[in-house]
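Student: Let chain F serve as the given structure and place chains C and S on it in line with the hints.
Here are the chains, one letter per residue:
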Amino acid sequence: MVKNGKKGGYPADNFFKGLTFLCALLIVVIMTTLFIQLFYQSVPTIRKFGLEFFWSKKWDPVNLEFGALSSIYGTIVTSVIAMLIAVPLSFVIALFLVEIAGPKVKAIVSQALDLLAAIPSIIYGMWGLFIFAPFMQDHVQSFLMKYLGFLPFFKGIPMGIGMLTSGLILALMILPFISAVMRDIFQMVPPVVKESAYGVGSTTWEVSYHVTMKYGLQGVLGAVFLGLGRAIGETMAITFVIGNGYTVSASLFDPANTIASTLASQFSEAVSQPIFKSTLMELGLVLFIVTFGIQVAAQWWLNRIRLSSGGGL
Amino acid sequence: MKKRPVLFRRLTDRIVKIISVLAALVGIFFLLWILLEVLFRGASSFNFQFFTEISLDGENGGVANAIVGTFVITLTAVFIGVPAGLLGGIFLSEYGRNSRIGNLIRFASNVMMGMPSIIIGLFVYSVIVYNTGSFSGFSGAVALAIIMLPVILRTTEDMLSLVPNSLREAALALGTPRWKVTLHILFKAARTGLITGILLATARVSGETAPLLFTSLNSFYWPAEPWWHFWSFFTSPTANLTVTINDYAMSPYKGLNSMAWGASLLITACVLVLNVFARYHFREKTK
Amino acid sequence: MKMKAKTIIAGISSAICLALSGTLHAGTLNGAGATFPAPLYQQWISEYTKISGGVKINYQAVGSGAGLAQIRAKTVDFGASDEPLKKEELDKDGMIQFPMTMGAIVPVVNLPDIKPGELKLTGPVLAKIFMGQITVWNDPEVSKINEGLKLPDMKITVVHRADGSGTTWNFTNYLSKVSEDWSKKFGCAKEIAWIEGTVGGQKNAGVAAMVKRIKGAIGYVESAYAFESKMTYTQMQNKDGKFVQPDNDSFQAAAENADWKNAPGFYMVLTDQAGEKSWPIMASTYILIYKSQPDKEKIDSLLKYYTWCYDSGANLAKKLNYVPMPKNVVDLVKEAWQKNLTK
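Protein chains in written order, with the numbering used here: chain F, 58 to 370; chain C, 603 to 889; chain S, 160 to 502.
Excised from the complex, chain F in its bound form:
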C-alpha cells in the first residue's frame, strides 16, 4: 500500500489538480464571456444614444428610439418598496427566531421561511396576478387612496397591478433570504455578552438593540445587499403584475416596467432588429454591472467586518 514517493508528484494527481482547476476556472470564463457578449452586443445602442439613453423615457419601436429610464425607474421603485418592507420585517422575524421562539416554534417558522424561498417565481406571478392583485385592487388600494390619496404615491387608478403590488410581492420573495442572514448574524453574537447584559437587568429588546444589533449591524448590511441583488433581477413574478407601461410615474398604482420584465416581454421579437436587440442587451448589461457592483460592495463590507471583529467585547 505504501507507494514510493515520486518527484513531481503522481501524474494522476497533477492531472486531477489540473482538471479541478479548469472546472473551477469555468465559472470565471462564463462570467467574463457573459460580460463580453452583453457589452459587444450593446455597442450599436451605446453608439446611437450614448449617455442620453439613461434618462430618456422614450420607448418607440416604430422609430427605434429607446430610453432606459422607465425600466430603470421601475426596477428602483419596486426594489425600494420591497426593501422598505422586507428589511424591518426580517429584522423582527430574526429577533423572534433567536431571542423569543422556543425550539419547536423556531423550527416551524424557519421551515416556513425556507418554503417561502423555494416557491418558484412563476408561482408568485400566478398568485400575484390572479389572487393578490384583485385583493389589492378591491381592498388595499382603495383604502390607501381614501386616506393617503393626497400623497402623489397613491393618486392613480386602483388597478391591482402596478409598482406597489409588484413591490409587495418582491418583499415576500426576498424576506426569507434577508431574515435567514440576519438570524445567522444574531446567532453569532457570543452568548456571554448577551448573558452579561441580561445579568444587569436588560429586557430582551434592549439586549437586541444595544448588543446584538451593534454586533451584527455591519453584517445586516450584507443581508441588505443580498436582498437587493435578488430584488432587481426578479423576472417572472414581476412580469405578470407590473403592467408593462413604459412610463415614469409617481403613483405607485400605475403600470411600469423593470429591466427584467422589459427583457422578458420584448426579447423574442427584438432579435431580428439590430438596434432593438442591442437596446435590450444594454439593459442586460446594466443589470450585470449592478449585480457585479453589489457583489463588490458586499465583499468590501465583509472584509471590513472581518477586520473589525476582534472577537469578544
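Among the clues, some could well be false.
Heads up, simulated DSSO-like pairs for lysine-lysine below, C-alpha to C-alpha not over 27 Å straight-line [to be verified]: (1) C/Lys856 - S/Lys209; (2) S/Lys478 - S/Lys233; (3) C/Lys887 - F/Lys163; (4) S/Lys450 - S/Lys436; (5) C/Lys856 - F/Lys161; (6) S/Lys245 - S/Lys486; (7) S/Lys450 - S/Lys493; (8) S/Lys401 - S/Lys246; (9) S/Lys274 - S/Lys401; (10) C/Lys619 - F/Lys251; (11) F/Lys212 - S/Lys314; (12) S/Lys287 - F/Lys212; (13) C/Lys856 - S/Lys274.
Residues from chain C that keep clear of chain F, each with C-beta distances beyond 12 Å, as calculated [claimed, not checked]: (14) Ala666; (15) Val670; (16) Arg756.
Derived from the structure by calculation, the hints contain no laboratory data. All C-beta atoms in this analysis are idealised placements derived from N, C-alpha and C, irrespective of residue type, glycine included.
Tutor: Frame of chain F, contents of chains C and S only:
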C-alpha cells in the same frame, strides 16, 4: 423615580415581542395563502389524463410531455453542472484556499449566483440557439447548468472545508494519491452535505422559467417520439412545465387555464417536497 | 463465440438503422408567431395530427413580432404574423407570405352593468379613447352614440399589447384610417409608443386577462378571445355608417370585397372595408416561409398540412368565428407555392 423607566422599558419590550410574533405570523400567513390557493386551483385538474397524456387541442389531455420534458431538461442540467461544480469546488477547497486565483473564482461564483436568470437565458440564446438555428431542450439545460454551477461550487467548497484536516493527513500519510483522498475519503465524509446541496440546487432550477423562455421554448409533443429519437432534444423545442404555465396562465380557454394551475401545483409540490426532504435528510444524517 | 458476436453486431446495426430511419421522417415542424390565429391553429393541428401519419406540427404563439424575428433568424421552420409584409421586404429576406385565414379584432370593455354587444363605438371615438382624449366612460361623445344606455362616471383604462403584435398592427391601421390625428401621432405598427397611464398585456390572452381584471378598462382582442371568455364586446360603426355586431355575418361581409388577385405578395389590409354589414376591423393572418427549401421532405409535409387546412379546415374556422380563405384565393396561394418555392 426609577419606576417610570422600568415600566417604559417593560412596555417597549412587550410591544416589540408582540410585533415580532406578528411578523413571523405574517410570513406563515402568506405562505399558507399561496400554497392553499395553488392547491385548490390546481388539484381540480389532476386526473389520470393530466399525468399521462399530451394535449393538442387544449381541452382534452394533459401535460405529460411537459412533465417528461422538465425531468429530462433538469436531469441534463444536473449531469452538466454537478460534475463541473464538484470538481471546481474540490479545487477551491483543496488547492485554492488562500490563493488569489481561488479568491477570484469565489468572487465570480458569488456574482453568477446573484445574476438574474433571464440574463443567463439571453446569453445561452445568443450563444447556442442563434448559432445552431433552433430552440432546443439542450440549450435550456445548459442555461440551468450555468445557474447551478456556482451554487454547487460553493457548496462543495464549504462542505469539504468542514472535513477536518486530520483525515486528509492520515490518508496522505498512508501514501494515498491526492485524487483518491478527495474522491473516496473526503467525499464520503462530506457526502450528506454535498447531496443536500445538489438536491437543493436541483429543486431550484427545476422551477425556473425565465432561462427556458428563449432556449427550450415549449412544445405540444413528447420530447422524443419514439423515445429513442433522443436527438430532438438537441434540435427541437422541448415541452416543460414552467413555460407551459407561462403560456397557458392567461388563456381564456378553461382547459388550458386549469392545466396551468395543475402544472403550477405539480411543480410547486415537487420543488417543496425536494426541499423539505433535502433539509430533513441533512438534519437526520448529521445528528 | 463467433455466433454470439455476429448476433450482437446484427442487433446493434439494426437498432442503429431503426434509429436512423427516424431521421428520414420530417419529425416535428416548428412554427412560431401570432396569437391572433392561435386558437384556430391549435384546433387544426389537433385534428390534422390524427390523420397526418406521424407528422407533428409544433406551433408556439409568441406574437407576430417574435414570429417574424424567429423566422428571420431561421430558428423555426415557419413564421406566422398578422402584419402583411410588402413584397420588397419579402424579396429582400427571400421569403414568401400567404394568408391562412381571416379574423376579426373586437374591442372589449370591463363595464359590469353593460351587456355584451350593447355598447356602441365609432372609429373616431375609439381612436380618441386610445389617444387619451376621452378619459371617462360618460364622456358626451360616448353618450351621444349610446342613447338610452347608462354609462358610469368611471375612468377609462386603456389596455394594449406589451409585445410586438400583428393584432396591434391591424388595430392601429384601422385607427389611422379613421382618425387623422392618430395617423399623425402614432401611425400603424406592431408596437407603438402608447401614451402614459396605459396597461400592457402579453399576447391576446394577456390583454383579455387585464381587461377582465381592471374595471373601466378597454382593450382590443381577436374575436375568439372575446367570445371564449364571455367578455363584454362592443358594436362598431363601419365605413357605411351602420353599427354592426361582431359575428360571422359581419366578418364574412368584410372579407368578401377583398381583391386578392391584385395583391402583390398577398399584401392585403382588411380594415375599414365598405359594405353595410361589414365589420370594420378585420385582418388576415399569414404564414411566412423561405423561398429556398433544400429539405424536400420538410416542405412537402408543411405544404400538405396547409393544403389540408385550406381544404378541410373551413368548418373549424367558421366555428371559431374566423373566416376561411375562399377557394379562388387558395388557388392563387397554391400557384404562388409552385412559382416561388425552389427545392
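Student: Would you mind confirming whether the straight-line C-alpha gap from S/Lys245 to S/Lys486 stays at or under 27 Å?
Tutor: holds (23 Å)
Student: Straight-line Cα separation of C/Lys856 and F/Lys161 no greater than 27 Å?
Tutor: violated (43 Å)
Student: Straight-line Cα separation of C/Lys856 and S/Lys209 no greater than 27 Å?
Tutor: With Cα atoms ~23 Å apart, C/Lys856 and S/Lys209 stay inside 27 Å; holds.
Student: Verify that the Cβ of C/Val670 lies farther than 12 Å from every Cβ atom of chain F, and report whether the claim holds or is violated.
Tutor: holds (18 Å)
Student: Holds or violated: S/Lys450 with S/Lys436, Cα cutoff 27 Å?
Tutor: Cα-Cα ~38 Å, so violated.
Student: Would you mind confirming whether the straight-line C-alpha gap from S/Lys274 to S/Lys401 stays at or under 27 Å?
Tutor: holds (20 Å)
Student: Would the hint linking S/Lys401 and S/Lys246 be met if the CA-CA limit is 27 Å?
Tutor: Judged against 27 Å, a Cα distance of about 34 Å means the pair is violated.
Student: Should the label of C/Arg756 as a non-interface residue stand, given a Cβ cut-off of 12 Å to chain F?
Tutor: Non-interface label fails for C/Arg756: nearest chain F Cβ at 10 Å, not farther than 12 Å.
Student: Just to be careful, I want the Cα atoms of S/Lys287 and F/Lys212 compared with a cutoff of 27 Å; is the pair within it?
Tutor: holds (23 Å)
Student: Given the hint that C/Lys619 pairs with F/Lys251, test it: the Cα-Cα distance must not exceed 27 Å.
Tutor: holds (17 Å)
Student: Going by Cβ atoms, does C/Ala666 stay more than 12 Å from chain F at every point?
Tutor: Since the minimum Cβ distance to chain F is about 20 Å, C/Ala666 lies beyond 12 Å and the statement holds.
Student: Taking only the CA atoms, is the gap from C/Lys887 to F/Lys163 under or equal to 27 Å?
Tutor: Measuring from Cα to Cα gives roughly 20 Å; hence the hint holds.
When each numbered hint is compared with the structure, violations occur for hints 2, 4, 5, 8 and 16.
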